[in-house]
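Engineer: Assemble the complex: chain A is given as a structure, and chain B must be docked to it using the hints.
In order, the protein sequence lines correspond to chains A and B. Heads up: the first sequence runs through residues 1 to 312, numbered per the numbering used here. Heads up: the second sequence runs through residues 1 to 644, numbered per the numbering used here.
Simulated from the structure, these hints should not be mistaken for laboratory data. Hints may contain errors.
Here are the simulated SDA-like cross-link-like pairs (lysine to any residue), alpha carbons at most 20 Å apart as the crow flies [said to hold, decoys possible]:
hint : chain 1 : residue 1 : chain 2 : residue 2
1    : B       : Lys23     : A       : Arg242
2    : B       : Lys23     : A       : Lys73
3    : A       : Lys120    : B       : Leu36
4    : A       : Lys120    : B       : Val83
5    : A       : Lys120    : B       : Val30
6    : A       : Lys120    : B       : Ile39
7    : A       : Lys120    : B       : Ala33
8    : B       : Lys436    : B       : Ala59
9    : B       : Lys436    : B       : Thr69
10   : B       : Lys436    : B       : Val447
11   : A       : Lys120    : B       : Val40
12   : B       : Lys23     : A       : Gly205
13   : B       : Lys23     : A       : Leu195
14   : A       : Lys73     : A       : Ala197
15   : B       : Lys436    : A       : Asp301
16   : B       : Lys23     : A       : Pro98
17   : B       : Lys23     : A       : Val206
18   : A       : Lys120    : B       : Ala41
19   : A       : Lys120    : B       : Ala34
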Amino acid sequence: MATDTGPPDLTGDRDLGSARERTYHVLLFVCAALSVLVTLAILGTLLGDAVAFFRAVSPVEFFTRTTWAPSIKGVYGVWPLVYATVAVTVGSAALALPIGVLTAIYLSEYASESTRAVLKPLLEVLAGVPTVVYGYFALVYITPALRIVFPEISTFNILSGSIVVGIMIVPMVSSISEDAMNAVPDSLRQAGYGLGATKFEVSTGVVVPAAISGIASSFILALSRAIGETMAVTLAVGMQTRFPSAFTLQELLLRPGQTMTAAIVNIGLSDVTGGSTTYRSLFAIGLTLFVITLAMNVVSDLVAERYREEYE
Amino acid sequence: MATDTEGATGTGGAEFGEVSRLKGVVFEYVSLAASLIGIVALVVLLTYVAYDAFALDTATTEWYAVYGTLFGVPAVATTAYLVRHRTAGWLAIQSATTLFGGVVAGMALLVLFIVLDPATWFVYVLTFAIPTGIAAAVGTGTGVPRHWLGRAPVVPVGVAGLLFGAVSTGGMPATDAVRYGLEVLVPAGLLAAFAFVGTRREAVGRVGTYAMGAAVAGLLFGYGLLGTSAVFDLALPAPRIVYGGAVALAIAGVAAYAVLTGEPRESLVGVGVPFAVAGSYLAVRSTAPSIATAVAGPIAAMGAAVGGLDPGTWTVYFLTLVLPAGVLAGLVARRLEVVPPEGRRWLAVPGAVLAAAVVGSAAVRVGADAAAGLWPWFFGVIDPSIYLVYLLTLVTPAGLFYANRLQRERSRPESVGLAAPFVLLLGLVVAGTTAKVLGVPGPESWVDWQFVTSAASRFPEQAGLYVSLIGSVFIVVLVAVFTFPLGVGAAIYLEEYAPESGWGGRLTRVIQVNVSNLAGVPSVVYGLLGLGLFVNVADRPQRRPPAGDARHPDRHHPRAGPGHRRDRPADHDRTAQLHLHAAGRPALDHQRDAPPGVQLGVPPGSALPQGRHRRRRRRPPRGPADDELRGDPRAQQVPAEPVT
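Here chain B stands alone, though its shape is the one from the complex:
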């Protein structure tokens, strides 16, 4: 960049005079101050918020002393070291990112488990995710020529899996879920094997794929015709007709194809496949229950013995979280050469993960009982099911990461940077425990676990932001799901496909200008779009009862606010003010920040209170007790309260 003009003064003599630097220096510092002013303002405001949220003014000097020495000093020292040593700082950032990502991913998974019952989740894993994964893996796996045909079975397998999943999720025990899963898995494996052959012998594969498509179409048709799970009961005459029809359809389709293309031999193979699949399906159907019992029984028993979870949940978690985590970790470890790549040494990693699951669950259960008095907000909540989720998202990836980094950086002292997040965490834990043991009164903060896990309530001590939190998570996830493909698709089009001249070019230009303008449209206008679409186009029932029109809007306060603050001295000026206004306008309710259209779409419905309930207590065993839970008035508290 430019050189400064400091040398311009002094030497000039009378005809030049002095160049005043004062103005320039003042300007430099004014502009520096300007760049800092916003940041400083934000920091000050956030400090105020933290101070108020954690009620730091109620803490005693001793509490500050304990936290200062046990947490503050190590934290500052660590930070200073990390700033001094770049490599260590970088490793610390990686380490913290791994941990943080694991925590967030675990939360996302937990939310998923709240929305989807574990049994439902399991059914879809078995009937949809695994078969589709196998079909896709065969098509793209090593040693197979990459070919579109290889991936073709993904579609019929996926559709059939979804279908089975939808039929099977009538609240079934895990053993039944295993059974239905096997019923899809085996035909899917056959299909995948067939695709493998097909990629080698192209004509065979093509014919067979068409046959499969015809068969699936027939099955779908039959499903639509009968419309109930009676489809799958082959003892009844109607399903027999339907399945016969489907197979006949497949045969007819392939025969027509053979006549049209003149590939009789390949067509014969193609016709054979639907029969093989149907046969395997029937065979599995008759044996699946016993296989399922044989597989799920011991696992369930282990879960009951170790984790204190009910057998179904443990089976589901074990099969869908622990096993994949172990196998994936083993494969990744082999790829990263954390374990010797040759031989079967990598199998030690899945073994370790399985051991961690069993031992950890037992430890969590025992530890929770032992330490519940010390950290009730933590140990009162965590149970083996949460532990298993975090085993998949946090413990295993983090373990792999540390093993890999330690191996790579073994000789360097900077690798202590990896431990930095743990130093901070440990400092917090030690400081907290010390304060508890010494009996030093801490701040009377209202930010606690209860605040995070409770729904809005008019009683401050019961209030929380759980529902709002879940609503925000839903919105974020849905927005990501919608935006990512659309945004990336639009970007690819504009960058790679869009014409640049002529009418097409003009259209491209319009789209480009339009995209940048859309970003500038106020969010509230999008809210109106949602409102207008839902009220006018989608013809939803109007949101508000008629007759309220004559009311003065200022007099109409929608409802009591979150009122999440515990009672505090009324002479606290800011707090009192907040109370006053929060009563009228819930400042922290994220739902209201969302556009109205989205509000309509967010289902904060019945699954949430259940999930909340489930996490606050030990999960009761399935069966009659479950109905009791649903009948519990506390469980129904949330839907009764207005959310939007």
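Next up, chain A with everything else stripped away, as it sits in the complex:
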């Protein structure tokens, strides 16, 4: 450090400079590596308690029984929760996937520049509304509206939850799909027109297949978001664990349920004792949820990677 006794040191404190550079390097790496640490922490936290839970409750019971009554009977069958989650996910997907893809097609193929400039930010707003507000919408406005069509609908019900979650994930589908469609080179479209195809045929026959990997990945991401959605479904679908007893619309969609996320909220906010089996069941559900969403995200990543059409 004190080497400047001889000729003038034109480079300044080189040692110090490189030490500083190394410090920055390490600090920035720590910032980046923290994400891995968080993942590991999640896994560790969830696994620790989940393993303890599965010592008390056999995994066979957890994954096969259709009753979830942790506090009263000590029965831990995860199926009612999975049912509600799947029902909300399927319902919202039925709404959001077609709408999202159509939106993407419109934005990428039909809309003029100025229309796009207006529509795209507005769609982003949909994703920016806090989910608890969507839950409020469902509970206070959508369910009463649905009651006009289905007079026997419960106040908390799976259908209205599906609708708001669907609205919520539309921008996710549309923006990722639209990016994929925009990446399709114009020459493919021109070739289609050259063969005499109409705009409709080019859109559905050329652009959509060419962008299919992006669309698929957007589907998976949106589904993963729907599965993990918490506050909206807690408010809209309710807290009543229930497995459908019959294959009717009433049983399937019009009655309350409790999704996995809502169960976590419910138990997390109730007065269970830390360290009890019920408390640990939180982490078992959380682990199930985490594994499902993580797997879907990874699959989406792989799909996008594997089937990506490389255009020059």
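Structural biologist: Just chain B now, with coordinates in the frame of chain A:
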């Protein structure tokens, strides 16, 4: 983009036939409808919410007429004009952004003042912010070669300032705060001057910096040794030993350095600096009280005369809000050439700001009394302290902005766009006043100032979302504080530093995939992470009493909801429903939306009710009355209620 195929029909003759466009047209409109459906749904829902929140169904036709003509028509006309004229629209957006940003920044500052007592805030400004700012400015200022050495004193100055601040914030009068501040300011100025010399004479600066570091280390050591504010009482023997030890440490360090490096002359200078600093500190110590009284006394008197604020608060606000606002505004105005850059003309700007502070405070006070009947929710709340905060965050920046834009766009008619936000605001005010004066009954909305400034309560007419609001603000601020450096750091690393091949490359890839996956993890899982960490790792006491385990979760409703709705006719279907369910699950309570771990960390504690109280009434003078305030049962209402 692609050309359409409209020309394909018609000319073909028999062998081509007609290309049906019906399918394509239908598809286009279906996809357009699909893109609009979500947006329309959201708009409809928000309209419903607004309609219910403001109870528009209870408003009379006359009320609609008044607001329609005085607010609606001008608003629509303005919007139409802005849409037609791009430049005007752009200026209007800038204008609205300036105003909105000022309002939000003012709110943030007000929240800060709720958390930090004004006196505490002032102490930290004096002992930490100003000295550190000076030290940093000297290092990077114009005319000085940019050099790491120039910024080196920031660390000792900052540490010493924080230390002094922490020691000094034992609830002291403003004059004492000024005194302690001066005690740090003068040595800090010396240090900064020294750094200035050091950037010219590098060896001197380096030696001195080491000496400073040694001295500060000695002071810190002494502080830790004694642990009380007795550290600063030089009449006692122990502090003398400690300070002597610190100086001796510094001397020893520098001597060792001199021997090791063979720079005796520079080392002598370096040794001199700690002594100079210590001497200046002692000198200031003996004179600071009188200086502080001389400075703070007149300001405090002015505050009492003009603003009706208690002297301490006025002094703090004047010195930390008004003065910086004035000086900064003057400098910015000179840079933007709003005022002529040459000469001392820019001093008019700080003068104007000071005048605005004094006149505005008096006006707010007088106006509040005069107009309180008309707009009680506004004038019942605003007082000179709030006005001074907004002078810094809203009035001064907005004034500069308008002066600058008007100067630039003077000749263009589009500059009226700047006035658009005011047209809307004025329309609202005029419409409201007219309705009041005419006695037109408005909607019986429960969204009012009381709703914003009250804590949750079981009585609908007293309920509000203040605590939830503050909790949300805390979470947002904390999240921003944590996320910004980490996120930007990670981005810089991945973009600039990360290796791309070999083992390092694999690690980079893992990090990248991991980052995108973390975004997809459900928020509730993060909540579990927080819960697990706090319960297991940090070994916090468990949140819930034992014994509740056997209860049925469905039967257990955590507590009464916000119940913020005023009593309304029970036949209102949706309202009744909301009541029913809000009683079980507080839909609007933001605290519950946060992950459990964060809930544990949010301190909605004792500072808040005080602050709320303070803002709803005039702030009582400090002293015995303050204790009365704390003893007021209403002030303690909030901690008594469960928040999470």
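Engineer: State for each hint whether it applies.
Structural biologist: Now the hints, each set against the structure:
1. Straight-line distance between C-alpha atoms of B/Lys23 and A/Arg242 comes to about 44 Å, which puts the hinted pair past the 20 Å bound.
2. Pair hint B/Lys23 plus A/Lys73 does not hold up; C-alpha atoms about 58 Å apart against a cutoff of 20 Å.
3. At most 20 Å may separate the alpha-carbon atoms for a hinted pair to count; A/Lys120 and B/Leu36 meet this at roughly 11 Å.
4. A threshold of 20 Å between alpha carbons decides the hint, and for A/Lys120 with B/Val83 the separation of about 19 Å falls inside it, so the pair holds.
5. With a C-alpha separation of about 17 Å, the suggested pairing of A/Lys120 with B/Val30 holds against the 20 Å cut-off.
6. The straight-line distance between the Cα atoms of A/Lys120 and B/Ile39 is roughly 10 Å, inside the 20 Å bound, and the hint therefore holds.
7. This hinted pair checks out: A/Lys120 and B/Ala33 have alpha carbons roughly 14 Å apart, not beyond 20 Å.
8. The hinted pair formed by B/Lys436 and B/Ala59 meets the criterion: a straight-line CA distance of about 13 Å does not exceed 20 Å.
9. Distance restraint check for B/Lys436 and B/Thr69: the Cα-Cα separation of roughly 15 Å lies within the 20 Å cut-off, and the hinted pair is therefore satisfied.
10. About 18 Å separates the Cα atoms of B/Lys436 and B/Val447, which keeps this hinted pair within 20 Å; it holds.
11. The straight-line distance between the Cα atoms of A/Lys120 and B/Val40 is roughly 14 Å, inside the 20 Å bound, and the hint therefore holds.
12. Restraint check for B/Lys23 and A/Gly205: the C-alpha separation of about 14 Å stays at or below 20 Å, so the hint holds.
13. Our distance criterion of 20 Å between C-alpha atoms is met by B/Lys23 and A/Leu195, whose separation comes to about 18 Å.
14. The hinted pair formed by A/Lys73 and A/Ala197 fails the criterion: a straight-line CA distance of about 64 Å is larger than 20 Å.
15. The suggested pairing of B/Lys436 with A/Asp301 is violated, with an alpha-carbon distance near 61 Å, which exceeds 20 Å.
16. With a C-alpha separation of about 17 Å, the suggested pair B/Lys23 and A/Pro98 falls inside the 20 Å cut-off, and the hint holds.
17. A threshold of 20 Å between alpha carbons decides the hint, and for B/Lys23 with A/Val206 the separation of about 16 Å falls inside it, so the pair holds.
18. Note on A/Lys120 and B/Ala41: the hinted pairing holds, with a Cα-Cα distance of about 16 Å set against a maximum of 20 Å.
19. The suggested pairing of A/Lys120 with B/Ala34 holds, with an alpha-carbon distance near 13 Å, which does not exceed 20 Å.
Of the numbered hints stated above, those contradicted by the structure are hints 1, 2, 14, 15, listed in ascending order.
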